[in-house]
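Please model the complete structure; the sequences and the hints are all you need to start from.
Protein chains: 2
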Amino acid sequence: MIESGNNAALSTRLLARNNKITLTSGLAPKYLQANLIILPSRFASDFLLLCHRNPVPCPLLASSRTPGSATALKSHLPGISDAAIASALDICTDVPLYMVYDDGKLVKSHCSDIAKEWTDDHVAFLIGCSYSFEAALTAAGLPPRHTAMGRNVPMYATNIPLCAAGVFTGGTYVVSMRPYRRADVEKVRELTRPYVSTHGEPVAWGWDAVEKLGIKDINAPEFGDMPLDLDPADDEIVPVFWGCGVTPQLA
Amino acid sequence: MIESGNNAALSTRLLARNNKITLTSGLAPKYLQANLIILPSRFASDFLLLCHRNPVPCPLLASSRTPGSATALKSHLPGISDAAIASALDICTDVPLYMVYDDGKLVKSHCSDIAKEWTDDHVAFLIGCSYSFEAALTAAGLPPRHTAMGRNVPMYATNIPLCAAGVFTGGTYVVSMRPYRRADVEKVRELTRPYVSTHGEPVAWGWDAVEKLGIKDINAPEFGDMPLDLDPADDEIVPVFWGCGVTPQLA
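Top to bottom, those sequences are chains L and E.
If you're matching positions, the first sequence starts at 244 in my numbering and goes up one per residue.
If you're matching positions, the second sequence starts at 244 in my numbering and goes up one per residue.
One or more hints might be untrue.
For identical chains, the list gives no copy identity; a pair is met inside one copy or between any two copies.
Stated by the list, open to error - Listed next, the in silico SDA-like pairs over lysine to any residue satisfying Cα-Cα at most 25 angstroms (straight line): (1) K430 with T412; (2) K430 with S284; (3) K430 with A287; (4) K348 with D468; (5) K359 with C335; (6) K430 with G409; (7) K317 with V428; (8) K430 with P283; (9) K348 with I461; (10) K317 with A271; (11) K430 with H295; (12) K317 with H295; (13) K455 with G347; (14) K455 with L434; (15) K317 with F286.
Simulated from the structure, these hints should not be mistaken for laboratory data.
This is the structure:
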């Protein structure tokens, strides 16, 4: 939904700004949720290119209009104006919790704001998040298993290389996984297909896909929570994999 | 270069229309060269999605404005109008040689036109072709080795899966390969990076990349001509791999 006036997305950001929440899942279900990445400006054009060359794991929604701009964003969504992306936004305070990296190393986590870290040289990027299509799956009677169980989605490192872009030469896809009945996979593909700015339809599915993607152990995801009750001998319930916004964070 | 009035691209198409040429390489060096794919309209929206989800191997330049249109194209290049794509084009005659498939099987090759095969239900797609950036490499003193030798570029099947899109679920990347001195790779990357609508910069390079891409034998490309004098023990000259427009033909 395009933002205008007061809305659930803005209210959620204000709760985050005032440090009233630490998670956003489900708070503004009709709006796109985004992952936030902030980089020094010297990496900005290469990162833009990385997103354009790898749109499924890295669907770029918006970026700082100019370096140093934490409040004015440029839309990268066709047909969506800059103003419609997010109203009264402040990148430095409107995310519940931030992690701060210095030269690739995590130096601070669980920060409630980054007003001190933000400089005129920083560029913010918003990447689509799969939380957005989960509401559609739930509405269609196909809720992702981890949401029903109150757990985080399992995410896996794969061996699928990203298409290189400038300084970003070494990354591989990260995928999120939701198990579904084999008979429901086509329906799940159809339901998520239109969500092109938030990873869209699955990249692969079925037990074959585990090997194809180079996933080492389906029961040991690199990120998120372990899946429960998933059995490679079970041909009825199969893993379904989507591109995941953790990909650009690792690249 | 944008087409307007009489130009080398149009002249080349007229030569093809009149069956005077069978190859196009080098005939209109300042213009984008394209690969042509024609599909029944029921596959058109899935094929568009395949291109959007896999822009490096499948950079979509233009498509039929409506099913059955062999002369009017819609541009998919930002900032390029429909009219600027190709003047006085006839998809059915302006390619030197066509191959005709029926249900995935090649039923006719080396056709000089497809006026009899084209129907109101067909949709044409133009995909960027790496011939376009080779002129830039040559102009910079880094001519691809196969062009200097008068051979076709070697192309390899890889095990990198395409992001699935509708009916297109099983394909993998095809890559083209040009050997370069290791010391020149960064320059080669920079030179081809701007050609975003014709595969852009390489997806991978170096002898490591052969395994990473799942290429079985560097001396036995699946398409094009065998590379000459390429030695895996030679650390000075390394293979450099680009996304290749053969990818969507196989998908």
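Which hints from the list above does the structure break, by number from lowest to highest?
-> Per hint list: 7 and 9 violated.
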